Every structure is written in structure tokens, then in C-alpha cells.
Amino acid sequence: MIQTTELHTHSHETPPKGATFDQLKCKECGAEYETKAIHVCELCFGPLEVKYNYDEIRRQVTRETIQAGPNSIWRYRPFLPVMTDNPIDVGTGMTPLVKSNRLARRLGMKNLYIKNDAVNMPTLSFKDRVVSVALTRAKELGFTTVSCASTGNLANSTAAIAAYAGLDCCVFIPSDLEAGKVLGTLIYNPTLMSVKGNYDQVNRLCSEVANTHGWGFVNINLRPYYSEGSKTLAYEVAEQLGWQLPDRIVAPLASGSLFTKIYKGFQEFIQVGLVDEKAVRFTGAQADGCSPIASAFREGRDFIKPVKPNTVAKSIAIGNPADGVYALEVAHKTNGNIESVSDAEIIEGMKLLAETEGIFTETAGGTTIAVLKKSLEAGKIDPDETTVVYITGNGLKTQEAVQGYIGEPLTIEPKLESFERALERSRTLDRLEWQQVLV
31 MIQTTELHTH SHETPPKGAT FDQLKCKECG AEYETKAIHV CELCFGPLEV KYNYDEIRRQ
91 VTRETIQAGP NSIWRYRPFL PVMTDNPIDV GTGMTPLVKS NRLARRLGMK NLYIKNDAVN
151 MPTLSFKDRV VSVALTRAKE LGFTTVSCAS TGNLANSTAA IAAYAGLDCC VFIPSDLEAG
211 KVLGTLIYNP TLMSVKGNYD QVNRLCSEVA NTHGWGFVNI NLRPYYSEGS KTLAYEVAEQ
271 LGWQLPDRIV APLASGSLFT KIYKGFQEFI QVGLVDEKAV RFTGAQADGC SPIASAFREG
331 RDFIKPVKPN TVAKSIAIGN PADGVYALEV AHKTNGNIES VSDAEIIEGM KLLAETEGIF
391 TETAGGTTIA VLKKSLEAGK IDPDETTVVY ITGNGLKTQE AVQGYIGEPL TIEPKLESFE
451 RALERSRTLD RLEWQQVLV
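Residue numbers for the sequence shown follow my numbering, beginning at 31 and rising by one.
Because the hints were derived from the structure by calculation, they are not lab data. You can trust all of the hints, since none of them are fake.
No farther apart than 27 Å at their CA atoms in a straight line, the calculated lysine-lysine pairs in the DSS-like style are these:
#  : residue 1 : residue 2
1  : 294       : 66
2  : 338       : 226
3  : 66        : 55
4  : 140       : 129
5  : 410       : 363
6  : 338       : 404
7  : 308       : 294
8  : 129       : 294
9  : 308       : 129
10 : 308       : 363
11 : 403       : 308
12 : 308       : 404
13 : 335       : 294
14 : 57        : 308
15 : 308       : 410
16 : 294       : 81
Since we're looking at a predicted model, the values are computed, not measured.
All chains should be modelled from the sequences, with the hints used to inform the complete structure.
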């Protein structure tokens, strides 16, 4: 049963020997705070970020110590905001970096890699990374009930990893989510609140609940720790490329946090000497039906105008993105770009990745592939550069998006002639499709 009031004790008043972080720091005014469950600056309301001791990290970490570590995100523990040597490890991370052949050829690219978090453990999205970090920190801070506001993937991760860690869990989702995401949360037996409203309304409600019930909300009061988990997507790519950085990355934008943390992860590896310095260009992907960051980029604005989401890509449908302005900054300072694509292009992107590389991604991945294609066609991405595309979630979670767009099985009698007739029909249909393409 969920408790409503809780005591928060610091499990470590003094950081243990070898701890690599000791403060939270406001991204806007630089004010510093204790490493508690707070996420907003009391002086200017800017977001708080974990401040690390990079000299200490440099002392602790080499390529060899990382490679000798666990086959999960926790091989990078000194770069993550936890004190314990026994973090919650459910095998999250170290997902495949796939060298693309057929998709690359279709798009006319030389060096395309796909970072495939559609097979991340335990719930098949990149959110398993951020939740593993957040819940490890939540336990350190004495929370026994954890929660989140989610468009689906985060609810899956929070419920699953809380179950593994023995934490009470109550999660909040918009009531129009895909069935796979609802089912993929309920199976872990959390308390699931389905809110009649969009994600931004869910998030506002959760801020009030966090204040009144004293729970650990991974993406609210624990956000400074939670968001750091995304950096592991940068570390793994650098390590998997043979301790080198790519020329460009393409990633989806929801709150904008993932984008900024991949940037931060690359910078940290440079700073502690694990990789050579290199300018990596950042391309961000949004859906036309929810593109507040892409619109700001297109119009040359340095502020975000909130929008009301209306897109098939529900997992990235955040109309008022918390880190939108920081994502814009990253795109500008890396000479990158931020694009948006239509729902039809998103579905085409999902199909294209599946039929060329055998990877079934959800709508966010379809958005990312569609933006890669669009940016290439517009001459905004050099086809010769080493490009890494981040696929952040699994297509089994958003089956509704492609229903009606991928054909039907051919129903036949258990007889050879029935099979032959169906085979001929399918070949004729294929030929007709090719003729249409050629016209």
C-alpha cells in the first residue's frame, strides 16, 4: 500500500570517499544547493543540475576501468549522481550500436549507425536508463514511494524498476495512451492514475502531488538526478565507436532533456580525457503536431511557445518542454538543426527502419528516421559524415500507429493451389507498387 507521508533522511550526510558529486547548481544563476530532492532554484526558478568533481572522476576512471565494469549503464557510475556501490542494476544499457547497411544505402549515406534502445532492459526504451539512476538516488534519499508523470515509456520503466527494487509506485499518464503502454505499466502492479488531459496537464497535477505527499517523482523533484541517466547514451556510443565521437547525432525531442544530456555526456568524456575533442553536430526531431522546439528553431526565436499536442507520436508529445531552450542552444552551438515531420512521414519512417534494418521502433523512432531523411534531402546533413541515430523505444508499444498502413496477411486454404494463387497475387501487387514508385 502507498504511504502518503514520508520521512526523507539523507543516507549520507557527508559524501563517501570517492563520491564524485556534492552539490546541485542552478543552470541560470549558478546558486548552489545540497543534493536533496529539489529541482528548481529558489532564487530565479531555473532548473538545478548535478555538479561533479571532474578531478575526482579523472582519478577514478580510465578506459580500462570502464571496460572492466558491469555490462550496463553502471560501468559509468562515477559520472552518475549516486553514492552507493550497489545501484539498482536491471541490466539497463549497453544496447546495440548497429552499423546500418541497407538503410544507409537507401538514404545514400556512408557511415550510419543506429543506437537501438528499442531493446533496452527491462522495458524496451531509453527511459530504463534515467529511471535506474533516479530510483537508486530515491532510495539513498529515503523515499519509499516513487512516482512519475509519463507519456507511456517512463510509466513502464518506473513501475518495472520500482517492482524490482521493492518500492511502492504510483504513476500518472494521459488517458489517451496506446494500449501497449497502459498494459506495459499495469503488469507490474503499480497504482496507475489515468488523467483526463494531455501530458502537460498531467505534469502540473504531479507537481502538486509531489508537494503534498512527499513522494519521489523521478521527473519532478528527482529530475536533476534522473536526467543524468541519459548521458549514458553518449558514453556508450563513444565507447562502441572505439573511443571516438561521431560527426553527428540525430535524436528525438520531447522535453529536450535527452538532447542536452547526450551533448553533456560527450563533453564530459572529452573533459576527463577519455576521447579526443571533436565538434559533434546535433539534429533534433519533432512531430509537426507537437513541434514547439522545431518551430522556435525555424523562426529564429530563443524562447518556446507552448502548443497543444496533436500527433500520432504520443511519446514525444510534450507541448511545453522543460528543457526546450537548452535543446535550442545545443542545436545552435553545434551547427546542427531541429526539424519536424508529419504523422504520415513518421509512419513511413517506422516502416523504412523495419524493412531495411529489421528494427521495429515506436513513433518517436519513426520521427527520428523521418527527420534524418528530410535533413539529408535538404542538404542539412552531409551523407559522408559518421552519423548516429538514436532509436529510443520499441514499436510493440505503439502498434496502433501502423495499423492499416502495413497490409494484411494473405489468408489461404491448406492446399498448394490456394498458396500458389495467393503468391502470384502478392507478386502482382508488389509489381504494381514498384510501377507507381517509378512513375
